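In order, the protein sequences belong to chains B and S.
Each residue of the first sequence is one higher than the one before, counting from -11 in my numbering.
Each residue of the second sequence is one higher than the one before, counting from 1463 in my numbering.
Hint data in this document are derived by calculation from the structure and do not stem from the laboratory.
Errors might be hidden in some of the hints.
[Said to hold, decoys possible] Below, in silico cross-link-like pairs of lysine to any residue (SDA-like), each with a Cα-Cα straight-line distance of 20 Å or less:
1. 182(B) / 136(B)
2. 30(B) / 1535(S)
3. 30(B) / 1727(S)
[Said to hold, decoys possible] Pair by pair, the computed Cβ-Cβ distance ranges are:
4. 20(B) / 1581(S): 38 to 44 Å
5. 1569(S) / 39(B): 33 to 39 Å
6. 1676(S) / 5(B): 29 to 35 Å
7. 1745(S) / 54(B): 27 to 33 Å
8. 1507(S) / 93(B): 38 to 44 Å
9. 171(B) / 1825(S): 41 to 47 Å
10. 1766(S) / 161(B): 30 to 36 Å
11. 96(B) / 1506(S): 49 to 55 Å
12. 1683(S) / 22(B): 52 to 58 Å
13. 127(B) / 1506(S): 52 to 58 Å
14. 72(B) / 1745(S): 19 to 25 Å
15. 171(B) / 1766(S): 26 to 32 Å
16. -7(B) / 1683(S): 14 to 20 Å
17. 161(B) / 1680(S): 35 to 41 Å
[As the list claims (entries may be wrong)] Per the computed footprint, the stretches of chain B lying under chain S, defined by three or more beta-carbons under 8 Å from a beta-carbon of chain S, are:
18. 24 to 30
19. 151 to 159
Fair warning: this is a prediction, and the values are worked out from it, not measured in the lab.
The C-beta atom is built at its ideal place from N, Cα and C for all residues, glycine as well.
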Amino acid sequence: MTAAKNFLWLPIVLVAGFELYAASLVLRPNVDATYRAYFIDKTSDCWPHVTPAPYELGKDLSFTEGAPNLFFPNKGCGWFYPNAKGTWSYGPFSTMLFRFPGEDLPLTLTINAGAMVDAAHPNQRVEVSANGTKLGTLSFGSMEPEVRTVSIPAELGKTGSLDLRFDFPDARSGKELGPNEDAHLRAIRFVSMKIDKS
Amino acid sequence: MTADLAASTPLRVLRPWALLLVPAALALAGVLVRYLAYVSVTAAPSPQGFADAMCVWDCYWYGDVALHGYQAHPEQLNFGGPAGIANWAFFPLYPMLIAAVGKLVSASPAALGGVVSPLLALGAVLASWPAFDGNRRAYYLFAALLLVGPFSFYFASLYSESLFLLLTVLAFVALARRRYVAAGIFGTLLSATRTVGVLFVFAILAEALIEFRARRLGPAAMLRELLRRPDIILGIFLVPLGLFAFMAWLHLATGDALAFAHIQRAWDREIVNPASALWFALTSPGGQTRDPVILAFAGIGGLLLCGALFWRRQIPAAVFCTLCLVLALTNGVESMLRFVAALAPLGIVLAQILSRWPWLSWLSFVVFVVLDFAWTISWIHQQGALM
Chain B
-11 MTAAKNFLWL PIVLVAGFEL YAASLVLRPN VDATYRAYFI DKTSDCWPHV TPAPYELGKD
49 LSFTEGAPNL FFPNKGCGWF YPNAKGTWSY GPFSTMLFRF PGEDLPLTLT INAGAMVDAA
109 HPNQRVEVSA NGTKLGTLSF GSMEPEVRTV SIPAELGKTG SLDLRFDFPD ARSGKELGPN
169 EDAHLRAIRF VSMKIDKS
Chain S
1463 MTADLAASTP LRVLRPWALL LVPAALALAG VLVRYLAYVS VTAAPSPQGF ADAMCVWDCY
1523 WYGDVALHGY QAHPEQLNFG GPAGIANWAF FPLYPMLIAA VGKLVSASPA ALGGVVSPLL
1583 ALGAVLASWP AFDGNRRAYY LFAALLLVGP FSFYFASLYS ESLFLLLTVL AFVALARRRY
1643 VAAGIFGTLL SATRTVGVLF VFAILAEALI EFRARRLGPA AMLRELLRRP DIILGIFLVP
1703 LGLFAFMAWL HLATGDALAF AHIQRAWDRE IVNPASALWF ALTSPGGQTR DPVILAFAGI
1763 GGLLLCGALF WRRQIPAAVF CTLCLVLALT NGVESMLRFV AALAPLGIVL AQILSRWPWL
1823 SWLSFVVFVV LDFAWTISWI HQQGALM
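Chain S with its partners taken away, still in its complex shape:
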C-alpha cells in the first residue's frame, strides 16, 4: 500500500514519518467519513449534534458515571426490565479520564468522548507498530481498520473500547519485551477499564511459561525460577489491582463489592454455557437479544481469529482473546460484535492476514471505508447487532 508507493517516489523522504502521518491522516479521514454519514441522515447537522447522535446505548451510562460518579442504590423505578438498574457495571477508568478532561475543557461527556476516544484509538495504532515486525502494509491496514474501518464508531464515541484497545496494545508490547512489571501496570489499568481486563494475568503466565520452556526447565525448576523472579510475580499481582480497587470502592459506595456483577441481573443477564449461548443464538433467534445470528457469527469469527493467533504461535495474545470471548459469551451473545472489535490482537492478526497480497489490502481498505460509512448510519439508528 502506502509502503510500496513511498519506496519508489520522492516520498521516500517522508518514509520515516509515514508511521505517524498515515495513521494521523486515516484518523482524520475517519472523522470525515463518520461526519458525512451523520450528515446524510440528519436534516440540520452540527458538530454538537454529531456528538449527540454518536452517543447511543451505553454512552449514556459512561456519561452518567463521568458526571455524577457511582450510584448508591439501584434506581427505584426501571422503565424497562424487572429490576432497578444502576451504573455499577461500567468500570471506572474511562469515565474518570473523561471527567478529568472535562475539568479542563467545558463540554458534554458525549462531545468529550467524541474527541478523546479517537485520540486513544490513534494512540493504540501508533503503539502497535512493534507488534508488526516491520510489516508496514499490515500496520497501515490495522490503522485503517481501527480509524476508518467498520467498527471505528466504537472507538469514536463515549465508550471505553478505545481505552481498552490502547491499554491492550501497550500491555502486549511490554509483555513481548518481557517487561513484566510494565505489562502488569498496563494490566492494572486494563482491569480498571473492563471486566475482562483482569484476564491479562493469563497472558503474563503464558509468556512466563514460554520463557521458562525455552530454557528447557521442568515443572519443579519452573517453580523455583518463578520464586527467583519477583518481576514476574509482581506483574501477575498487579493485573487484578484495578479490579480489586474498584471492588473496594463499590463496597464503600454501595455496600456490595461485587455490585458490578450483581447488577447484571437488572438487565436479566444470567450466567450461561458459552457454547449453548452460540447454539441458541443460531438456532432460536427469538428473544430479548436483537440480531442474535449476526452476533453469534461475530463470536465465531472472533474465536477463529483466536485460532489464527494460536497458529501463529502468539500464545499469550491467543489465550487472552479466547478467554475474553468465552467470558463474554457466558452472558450470551449480546454486544459480541463490539467485544470482538475491541480485542486489539484480533485486529492485528486480521490485518496481517489481509495484507498478505497488495490487491487484498487495497480491497480491504475500500471495504473498510464503505462499511465505516454504512455502519455509522446503523449505529446512529441503533441497529441491534451493533449494541
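Just chain B, same shape as in the assembly:
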C-alpha cells in the first residue's frame, strides 16, 4: 500500500511540472499591440472594428436599440451597447467611419444626443475631427437629446472617406457620479447622426 502510494509522487511531479509551464505562459503572451492594449493592459478603450462603412449622404443613422438604420456598419470604436434611449460613448473618445461617393461640396454633420451632466458638471464638450482635421467643439448641457451641427469642408467631403473622431474632455465614470460601479468614462448618449450636403 505504501509502495503504491509512493508511486503517486511521479504523477505529482509530472502534473505540477505541466501546470508550472502552463502558468508561465501567462507571463509571455504572443499577441498584437492592439489586443494587448485593449484586453490585457486595458490602456485603451478603443477596439478598432473593421468595416467597409458604407454610407449614403443624408441617411439618418440611429443609435437606439432595435431601430432601423442602426449605426453598426459605420461603427469605429468607443461605443457601449445600444439601449432604448440611445448609445453611450465608451472611453475618452469614439470614432465613426463613412465611405460614400465623394462630392466637391461642403457637408454638415448633425448630431442628436444627450449628455452625462449634473449640477456640478453642467456641460459635456465634444471635440469633433475628421481625418485628423479638427472641425469644432460642440457643447451638450442636458440629459435629454439636443441637436448640434458641425460643418465639414468640401476638401474633406470630396474624398468620400471620412473617419470621424469625437473626443470627450469632460467624460466621467458612473462610479464617480454615483449611480453604479461602472468605471468606464461616459460622456454623450448618441440618439441619431447624419452627414448631408450643406
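Please build the complex by placing chain S on the supplied structure of chain B, with the hints as guidance.
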C-alpha cells in the same frame, strides 16, 4: 413521497429499482412538461423546433465551439458592445463532448444538447444517492428539482450546467469517501468545464483538514502528515489541470493563455466587489443587466443555502459553493440564477430541507412542475433573469 407508497403496497418488489426508475420517470416527465410549454407558445411545433427554441443565449457559443473550435482572433465587428467578441469564455469539456457525440450522430448541436444534457442531469441524480444517507424522500425531491423543476431547462439545453452538475456530484461523492485521487480526477474535469471548477481544490483541502483534525493533529503534525499522503497532494494538483490544459491550448490558438478571462472585457465585464454587486443590483436596478433585483435575490438565496451547508457541517461543499458564488459575483449578478441552480450541493441541501415533512415534499413537487412549465416559456422568450 414515493418511498412511503412503496413501503405499504406490493410495489415493495420494485423498491430496490425505485432509485433508478423514479428519476428516469421524472426525466421523461420533464421532457414532456418542457415540450408542452414549447407547444403552448408555438404555432407549428416540431422536435427540431423544440431543440432550436431551447437554444438561447450562450447556447449559440457552445454550438460554435463544438462545430468550429476556438477562434484565433476576436470578431472584427461586434454588432453590440464596445469590442470584438470571441468564444474563449466557454470552457472546452462540454463542447468537446457534444462534438464527440456529433461524430456518432448527425444532428445540430442544439438537438445534441437537448439529448445529452438531460442524460447528464439524470446521471447527476443517480450518482447523488450516496449523498442522501438513505433519505429517499430527499433524493426523489432532488431528482424532481433537477429533472422536472424550475431550472430544468438549464440542464436540458446546450449549456455546460448539466455536465458541471454531474461532475460536482461525482467529485463530492469521491471526496466524502476520502478517495482524493478520484476526487482530483473529477476536479480536473470540473476545471475544464467551467472557470469555478478549479475552486474544488479548496473542497479537497477542507476535507483533508477535517480528516487531520479528527486525528487531533496540530499544524506542524498536519504538514508532516500531508507530506506522507501523496494521494491528497496528487488530488490537489489534479484539480487545476483542466484549467491549465485549456490555458496552454489558448496560448497555442490565440497567443494569450488568459484569453478566457481577458475576453470578458468584450462584454464589458469588469471585476467588482461582490458585496457591492449585490448592493447596487438591489438599490440601483438600471443598467445593462436585466432583472438585477431577481438576480441579487438569487445570489442571496444561494449564499443562504451555503450557510445551511455550513450549519449541517458539510464544510467542503459549503466552502466550494460559497467560493463559486463569490467568484461569480465579482463579475456582477448577471446569470446568478443559473450559477446557483448548477451548484449540486445547494440543490441537495434544499431537497433535504424541503423533504423534512411529507406535505412539504408534495407541495414542493407540484410547485416545481408548475414552475418548470412557466419558466420554460420564459426561457424560450429569453426573459432576462434566466440568462
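Against the structure, the hints come out as follows:
1. 182(B) / 136(B): Within the cut-off at roughly 11 Å; holds.
2. 30(B) / 1535(S): holds, 17 Å
3. 30(B) / 1727(S): holds, 9 Å
4. 20(B) / 1581(S): 38 to 44 Å: Check passed, 43 Å falls within 38 to 44 Å.
5. 1569(S) / 39(B): 33 to 39 Å: With Cβ atoms ~35 Å apart, the hint holds.
6. 1676(S) / 5(B): 29 to 35 Å: Holds, at about 33 Å.
7. 1745(S) / 54(B): 27 to 33 Å: holds, 28 Å
8. 1507(S) / 93(B): 38 to 44 Å: violated, 57 Å
9. 171(B) / 1825(S): 41 to 47 Å: Holds - the Cβ-Cβ distance for residue 171(B) and residue 1825(S), about 46 Å, lies within 41 to 47 Å.
10. 1766(S) / 161(B): 30 to 36 Å: holds, 33 Å
11. 96(B) / 1506(S): 49 to 55 Å: The hinted range 49 to 55 Å holds for residue 96(B) and residue 1506(S), with Cβ atoms some 50 Å apart.
12. 1683(S) / 22(B): 52 to 58 Å: Given a distance of about 54 Å, which is inside 52 to 58 Å, the answer is holds.
13. 127(B) / 1506(S): 52 to 58 Å: holds, 55 Å
14. 72(B) / 1745(S): 19 to 25 Å: holds, 22 Å
15. 171(B) / 1766(S): 26 to 32 Å: holds, 30 Å
16. -7(B) / 1683(S): 14 to 20 Å: Because 18 Å falls inside the window, the suggested range holds.
17. 161(B) / 1680(S): 35 to 41 Å: violated, 50 Å
18. 24 to 30: With 4 residues closer than 8 Å to chain S, the stretch 24 to 30 of chain B meets the three-residue bar; holds.
19. 151 to 159: violated (count 0)
Checked against the numbered hints listed earlier, the structure breaks hints 8, 17, 19; every other hint is satisfied.
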